[in-house]
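Colleague: The chain contents come next:
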Amino acid sequence: MSDILSLSLEDAAAKLKAREVSAVELAEAALAAAQAANPALNAFSAFDAERTLAMAKASDERLGKGQGGALEGVPLAIKDLFAVEGVETAASSNILKGFKPPYESTVTRKLWDEGAVFLAKTSMDEFAMGSSNETANTGPVTNPWRSRDSNAPLTPGGSSGGSAAAVAANLAFGATGTDTGGSIRQPAAFTGTVGAKGTYGRCSRWGVVAFASSLDHPGPIARTVKDAAILLGAMSGHDAKDSTSLPEKVPDFAAAVGRSVRGLRIGVPKEYRIDGMPAGIEKVWAQGVDWLKQAGCEIVDISLPHTKYALPAYYIIAPAEASSNLARYDGMRYGLRVDGEDLLSTYENTRAAGFGAEVRRRILIGTYVLSAGYYDAYYLRALKVRRRILQDFEAAFEKVDAVLTPSAPSAAFETGAKSDDPIAMYLNDVFTVTANLAGLPAISVPAGLDGRGLPLGLQVITRALDEETMFAAGAALEAASGFDARAEKWW
Amino acid sequence: MTEAAYTLPGATGEWEIVVGMEIHAQVASEAKLFSAAATAYGAPPNTQVSLVDAAMPGMLPVINRACVEQAVRTGLGLKAKINRVSRFDRKNYFYPDLPQGYQISQFQHPIVGEGELECERDDGSRFTVGIERLHLEQDAGKSIHDLDPKYTYVDLNRSGVALMEIVSKPHIRSPGDGAAYVKTMRAILRYLGTCGGDMEKGQMRADVNISVCRPGAYEKFRESGDFKHLGTRCEVKNVNSLRFIAQAIEYEARRQIGIIEDGGVIDQETRLFDADKGVTRAMRSKEEAHDYRYFPDPDLIPLELEDGLVERIRASLPELPAEKRARFAAELGLSDYDASVLASDRDRAAFFEAAAKGRDAKLVANWVNNELFGRLNKEGLEITESPVSAAQIGELTGLISDGVITGKIAKEVFEIIWGSGESPAKVVEERGLKQVTDTGAIEKVIDELIAANPDQAVQVKEKPKAMGWFVGQVMQATKGKANPQAVNEILRKKLGV
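Order-wise, the sequence lines are chains S and D. Each residue of the first sequence is one higher than the one before, counting from 1 in our numbering. Each residue of the second sequence is one higher than the one before, counting from 1 in our numbering.
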């Protein structure tokens with residue numbers, strides 16, 4: 001049965017449809033595997049087996065009648081940022097511990113409408129703020145991958161680290177993630193999985209606990225590009241409840257997978273060649289360029305001159321929005337409350353006990369950059385940088401159809417290695433934040449292993465609303481790399 | 001401005017007052033500014049609260065178009081510039097009745113720009129106040145501190161209700177004008193149907209900015225636009241009645257004059273009006289002012305008004321008080337005073353116009369302004385609660401115009417139909433109240449009266465005014481039904497006046 005869990009989502013869905021396996025069997029197998037793995041990987045923050053089996057049973061009934069959606073009977077893991085009605089949705093934070101929303105996020109609603117089965121909530125960096133999945137209130141998530149030369153636990157990246165670990169360890173056929181500065185793509189790169197986000201506004205943010213509203217992109221993590229395309233297609237669509245949702249039709253993303261990339265112009269930005277980048281990353285990037293060239297793409301050297309300002313701008317805008325978005329966690333209506341002598345001390349006690357150090361740090365940074373006298377120097381200037389970064393891409397997309405870069409500046413690192421150095425941690429997002437600032441579709445595709453046997457990812461960024469080219473180019477890389485390495489089961 | 005400025009005497013000479021106001025007017029709408037929750041007044045606590053209003057995790061605001069249209073409508077009523085593109089910002093602060101931890105407002109780019117309001121004083125004279133801007137924002141919930149000795153209770157029914165903040169220029173120059181400005185604004189908003197204007201229900205409240213200056217300084221300010229000519233202002237928050245607004249302005253101006261004349265300086269600060277004592281009290285100084293950390297709300301895109309919206313709303317604007325007043329005077333021949341009183345309130349005007357349809361408008365105006373309003377005032381009723389309908393008043397005045405009843409009898413009929421819903425004509429018919437126009441019958445009564453009172457009859461010849469006594473007697477004898485004109489005519493003839 002565990003073999004079936006290693007199938008792609010696409011194949012599993014086909015087997016379900018062909019009634020070769022029942023949704024209940026699949027759900028039971030996934031639940032058993034996930035629960036067995038959790039003491040070691042700690043990828044899941046909440047299960048609801050009853051719900052899982054009830055949903056699977058309902059899927060079987062539909063499948064039995066020849067009905068069912070594109071994801072009918074497929075168990076999916078859900079990042080703890082998405083509200084799932086009646087299931088603890090805590091954003092991996094003590095301040096929301098035990099919070100069970102009386103509502104369902106639009107994205108998960110869409111997945112259930114396509115027949116997907118809820119498997120579990122996945123752990124994440126608290127409030128999606130981090131790149132290592134070490135700050136969850138449920139403890140760090142461990143990457144299923146290990147270095148060839150050491151058994152030291154590695155981080156799965158973050159913030160969607162639980163989702164990435166679950167998919168990489170064949171515990172779920174796919175998972176939702178959110179990507180604010182790279183939180184889908186970097187963990188995908190660290191775990192040998194595919195992580196994608198669409199254009200800003202493709203996926204509704206309604207019912208997704210907000211981190212930084214203008215940068216938050218829901219998206220999928222999966223084991224193949226096709227699976228990611230199927231999932232993103234199901235998650236996308238206009239939602240009147242989200243004012244920033246795009247009122248655009250959603251193309252058939254999955255149909256773009258396998259489409260010829262011949263003649264596609266691929267930009268290689270020189271600014272992404274940063275100092276101190278490991279040779280393995282350099283190598284896999286060059287390899288990716290070669291693969292696409294061989295597939296008939298035209299390779300164009302391009303410049304995205306404001307790239308170096310992206311990370312600082314991101315670490316102003318994201319905390320600024322977060323400082324305001326997280327103000328609602330005040331102990332008054334839901335979640336944690338630690339009473340004090342008076343109102344002010346109740347606020348202070350609640351928020352001090354409820355938020356971890358990284359969340360507090362970002363609230364402080366955000367509050368500072370929005371303060372009178374600092375707003376112009378920080379926030380306003382960051383917005384200007386953001387515009388320049390978008391203009392860089394717009395100029396580049398006059399000449400090219402897609403941009404190819406590494407996904408992250410390193411492979412997975414050891415748990416604890418960067419916990420005490422926020423700047424080193426923030427540098428993880430150096431290649432990914434630009435697509436968030438510009439709101440562009442971006443995907444990370446596994447491209448090979450480094451010297452220690454750890455997966456590395458390549459990123460493809462495309463024009464707004466052109467997810468199809470992103471998936472086509474991603475699939476071309478996937479096909480050329482033939483990447484099929486999986487973490488050896490040790491858990 | 002040629003009229004003399006309102007001044008307050010000080011020990012060192014005369015002082016003038018300069019006032020600007022921020023009026024918070026609740027938008028008349030079924031749903032809140034960013035959620036579908038209801039806005040009805042007086043609902044049980046926390047029964048009109050959506051997931052958005054309670055700021056549950058992951059909830060997002062979606063603009064209510066009806067509120068946007070109301071703001072545009074109000075802007076047009078204030079002859080203001082409508083901004084095709086505006087934007088929402090977050091104003092961040094913590095308070096238990098502010099679930100989001102921020103208020104969504106329009107800080108930098110309001111939906112309505114500069115306009116003006118022609119205001120009317122009680123004596124009928126007028127003055128114009130410039131409008132700086134109008135923006136949309138969310139109301140907060142209500143904190144209730146007196147239900148429990150230890151805890152504060154919160155009612156979120158108001159949380160997220162749409163407010164229009166209407167900011168005036170500092171063009172208000174006296175306590176009375178402060179009240180007149182708000183009163184005129186209320187009338188306009190009620191005409192437009194964009195705000196109920198009920199200050200007791202919190203539908204309108206004002207923050208009043210007050211400063212004092214020496215004569216001449218204000219004119220320099222108006223010429224140059226430079227605020228340095230004006231004194232330091234203090235803001236009195238949340239004043240919620242016309243009377244309190246006038247009181248707060250006067251108290252605050254005198255307080256400031258006192259400080260300056262004692263050699264002190266005015267600190268720019270926020271103050272509260274204590275209605276019980278009629279004084280203002282310091283709330284927080286400029287240094288203690290919140291840093292609201294305004295920034296564009298990333299959950300909302302800029303608000304763009306589609307083509308034609310402004311024109312469509314403009315075309316649907318009702319006749320406003322100033323136009324109505326002018327029309328009442330010019331077309332219906334009402335006195336300035338009557339036209340003004342009737343036009344000042346939408347419901348009054350509507351009542352009057354319904355009653356006056358096809359009738360003698362001046363007579364109806366008289367009746368509505370005197371008899372009806374007098375009686376309603378006495379009973380503490382609003383025009384909308386009137387126990388006598390516009391149709392009844394119309395019919396009643398029609399009976400007078402047609403000579404069916406006398407004015408005196410009409411007052412009697414008015415008493416009878418008050419609350420009974422009866423038709424005045426039917427009452428007159430059934431009770432035999434028709435006036436006597438039969439001169440023979442009147443002559444008979446007069447002859448008898450003169451015969452019985454020969455001395456009085458002689459007196460009238462010397463003192464014609466004494467004829468009034470005979471008129472009264474005739475009326476009494478005929479139970480008020482005698483046609484007064486006929487009575488006068490016959491009496492004059494018979495008494496030789």
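Among the hints, erroneous ones may be present.
[To be verified] Straight line, CA to CA, 30 Å or less: simulated DSS-like cross-link-like pairs of lysine-lysine: (1) S:LYS384 - D:LYS378; (2) S:LYS384 - D:LYS357; (3) D:LYS183 - D:LYS434; (4) S:LYS97 - D:LYS81; (5) S:LYS97 - D:LYS378; (6) S:LYS97 - D:LYS150; (7) D:LYS357 - D:LYS463; (8) S:LYS241 - D:LYS378; (9) S:LYS241 - D:LYS434; (10) D:LYS91 - S:LYS100; (11) S:LYS100 - D:LYS142.
Just so you know, these hints were derived from the structure itself, not from any lab.
Colleague: D:LYS91 and S:LYS100: Cα distance at most 30 Å?
Modeller: holds, 29 Å
Colleague: Taking 30 Å as the top limit, are the C-alpha atoms of S:LYS241 and D:LYS434 close enough?
Modeller: violated, 68 Å
Colleague: Decide if the proposed pair is consistent with the structure: S:LYS100 and D:LYS142, CA atoms, cutoff 30 Å inclusive.
Modeller: holds, 26 Å
Colleague: Does D:LYS150 sit within 30 Å of S:LYS97, going by the straight-line distance between their CA atoms?
Modeller: holds, 27 Å
Colleague: Can the restraint linking S:LYS384 and D:LYS357 be considered satisfied, given a maximum Cα separation of 30 Å?
Modeller: violated, 63 Å
Colleague: Checking one constraint from the list: CA of S:LYS384 to CA of D:LYS378, max 30 Å. Satisfied?
Modeller: Answer violated: S:LYS384 to D:LYS378 is near 64 Å, above 30 Å.
Colleague: Within a Cα-Cα threshold of 30 Å, do D:LYS183 and D:LYS434 meet the stated pairing?
Modeller: violated, 43 Å
Colleague: Compare the distance between the alpha carbons of S:LYS241 and D:LYS378 with 30 Å, and conclude whether the hinted pair is satisfied.
Modeller: Not satisfied, since the Cα-Cα distance of roughly 51 Å exceeds 30 Å.
Colleague: Hint check: S:LYS97 vs D:LYS378, CA-CA at most 30 Å. Holds or violated?
Modeller: violated, 61 Å
Colleague: Is the Cα-Cα distance between S:LYS97 and D:LYS81 30 Å or less?
Modeller: violated, 49 Å
Colleague: Keeping to a limit of 30 Å between CA atoms, is the pair of D:LYS357 and D:LYS463 held or broken?
Modeller: Not OK: D:LYS357 and D:LYS463 at ~43 Å, beyond 30 Å, violated.
Comparing the model with each earlier hint shows violations of hints 1, 2, 3, 4, 5, 7, 8, 9; every other hint is respected.
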